[in-house]
Amino acid sequence: MMPGARPSRGPSRQALLAEVQALRQRVAALEQDKHDLEVMLEMAADHADDLSAVLQQERDDLEVMLEMTTDHADALEADLQNQAEALARRSQFIRQTFGRYVSEDVVAQLLDAPEGLELGGVKRTVTIVMSDVRGYTALAEGLEPQEVMTLLNRYLEAMVDVILTYRGTLIEMLGDGLLVLFGAPLSRDDDAERAVACALAMQVRLTDINALHRRAGLPDVEMGIGIHTGEVVVGHIGSQQRTKYGVVGSAVNLTGRIESYTTGGQILISPTTYTATAALLTVSQQMTVAPKGVAAPITLYAVSGIRGTHALCLPTPTETLVALPQALAVRYTVLEGKFAGSAMSTGNVVKLASRTAELHVDQPVAAFSNLKLYFLRPSGEVVPGEFFAKVVEARPEETSRVIVHFTSMPEAARRFLDTMWDKEGGDT
Amino acid sequence: MDIVHDDYQVHYDAATATVVCQGSFRLRGTEEYAPILQVLTAAADAKPTTLTLDLRPLRFLNSAGINTLAKFVLHARQYAATQVVIKGSHAVPWQEKSLLNFQRLLPRLHLEIE
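As they're listed, the protein sequences go chains V and G. Numbering of the first sequence is given in our numbering, commencing with residue 100 and proceeding in unit increments. Numbering of the second sequence is given in our numbering, commencing with residue 6 and proceeding in unit increments.
Worth flagging that the hints you see were computed from the coordinates, not collected in a lab. Remember, predicted model here, so these are calculated numbers, not experimental data. Where hints are given, some of them may not hold.
Below, a sample of chain G positions facing chain V; criterion: calculated Cβ distance under 7 Å [said to hold, decoys possible]:
id : residue
1  : 72
2  : 75
3  : 83
4  : 90
5  : 95
6  : 97
7  : 98
8  : 108
Built from N, CA and C at the ideal position, the CB exists for glycine as well.
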């Protein structure tokens with residue numbers, strides 16, 4: 100300040116100091132605010148980082164869950180694919196294995212419930228049906244090969260058709276013989292009933308086949324059927340290269356024996372099958388037999404009809420034995436199994452019908468024996484052409500008299516018989 | 006706290022802190038799985054030292070089911086003091102492939118596949 104100048108008017112020093120103090124306070128407050136804001140910013144940033152981390156974690160978790168779900172779905176898909184392929188292979192196997200032996204609806208049933216099908220060996224109570232053409236070998240010998248095949252194929256085609264209709268399982272087809280099961284691979288309550296009905300239907304159908312045969316100039320075919328109900332083991336039998344659905348057990352052997360007692364057109368059933376079906380059956384004959392391998396004799400029942408759902412009956416036999424004014428000499432051998440024994444015996448046919456005869460024999464012959472016979476001319480000369488018969492009646496008290504049923508008769512023997520018949524003036 | 010259904014069962018044994026799932030889980034979506042998830046999360050909320058989920062008798066589990074189990078593992082993850090054990094079986098095809106993935110959600114999860 101210039102000397103002598105008058106001091107200018109303005110805030111007092113005190114006021115200025117107060118202002119400075121206020122400004123300082125204001126700066127301090129602003130600095131506090133700034134600091135607070137910086138802290139808040141830091142907090143917000145930290146919080147955002149935390150939130151971001153949580154969100155990132157959740158995002159990661161969700162990604163993992165999505166991958167897990169996709170992996171799991173892939174695993175399930177692969178598993179389902181494997182199961183579908185296994186099922187397809189199993190279906191094909193069932194079709195290939197059973198398609199030839201059982202009807203299509205049984206195959207469908209097996210496919211629907213594969214858990215019910217045990218492919219390994221399994222014990223089952225089944226009803227076994229065995230059929231055989233009587234005198235087939237001799238029949239075949241007298242025919243041309245083409246005729247034999249025509250006859251056999253027509254016969255088998257018709258029989259298989261009947262068997263499948265009655266839901267039987269065709270186990271074996273050996274030449275003209277058939278082995279059929281009712282009760283495996285699927286078991287039903289009416290197995291025994293269907294088996295007997297099937298046998299009746301087979302016999303009925305055979306009469307139709309024979310009508311066809313006669314028109315084609317072919318001989319009649321006769322079939323015997325044996326039926327037995329018992330426990331067997333069924334399952335796949337064979338090697339890896341060749342396997343088939345088969346059956347084993349003594350019940351099968353017994354069925355074969357029962358079948359061997361039958362004559363053409365006859366159905367014989369065992370006591371077990373009879374017990375299971377008796378209320379429905381018409382039985383034409385009962386017989387006691389002692390099959391090989393069976394401890395005690397058993398009763399067999401010749402079935403001629405069934406009532407109920409299936410309602411079938413055999414054509415009634417109309418044969419009546421007619422006495423011959425003059426006995427007809429025969430020479431015969433008792434067959435052991437399918438082979439002729441060596442001892443020849445002689446006898447006389449005293450009564451005759453078209454398929455049965457009363458024979459007087461020199462040596463006693465047991466019931467159900469199979470005989471191979473030749474006719475003898477009055478001169479004693481053997482008539483060419485052997486024929487076969489089964490002894491259907493032989494009484495212990497009258498051993499020299501038996502009733503036989505012709506199971507096979509070649510044309511030559513038949514012609515001879517016809518000439519003798521005409522000569523005797525008989526009528527069938 | 007059991008769930009009994011014709012196709013599946015969930016049994017929780019509080020004494021052993023074990024949840025056993027058996028049968029086939031074929032339920033649809035989160036809603037149908039809610040009761041099962043509830044049993045599982047409740048078992049975790051009890052904060053046992055070891056919590057066992059036995060899946061050996063569970064033959065089938067659909068995708069919504071694996072999702073439910075994953076949610077359970079995530080829920081149990083919050084309890085650091087609880088050791089989660091999942092039991093599985095080689096005999097059940099899906100378990101061998103899918104159970105390993107749970108360790109991606111909870112690395113300390115103990116898997117016993119026999």
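Do the hints match the structure? See the list:
1. 72: 6 Å, holds
2. 75: Holds - the Cβ of residue 75/G comes within 7 Å of chain V, reaching about 5 Å at its closest.
3. 83: It is violated, given that the least Cβ distance between residue 83/G and chain V is near 12 Å, above 7 Å.
4. 90: Hint violated; residue 90/G Cβ to chain V Cβ min 18 Å, cut 7 Å.
5. 95: Not OK, violated: residue 95/G not within 7 Å of chain V, min 13 Å.
6. 97: 10 Å, violated
7. 98: 5 Å, holds
8. 108: 10 Å, violated
Against the hints set out earlier in the document, violations occur for numbers 3, 4, 5, 6 and 8.
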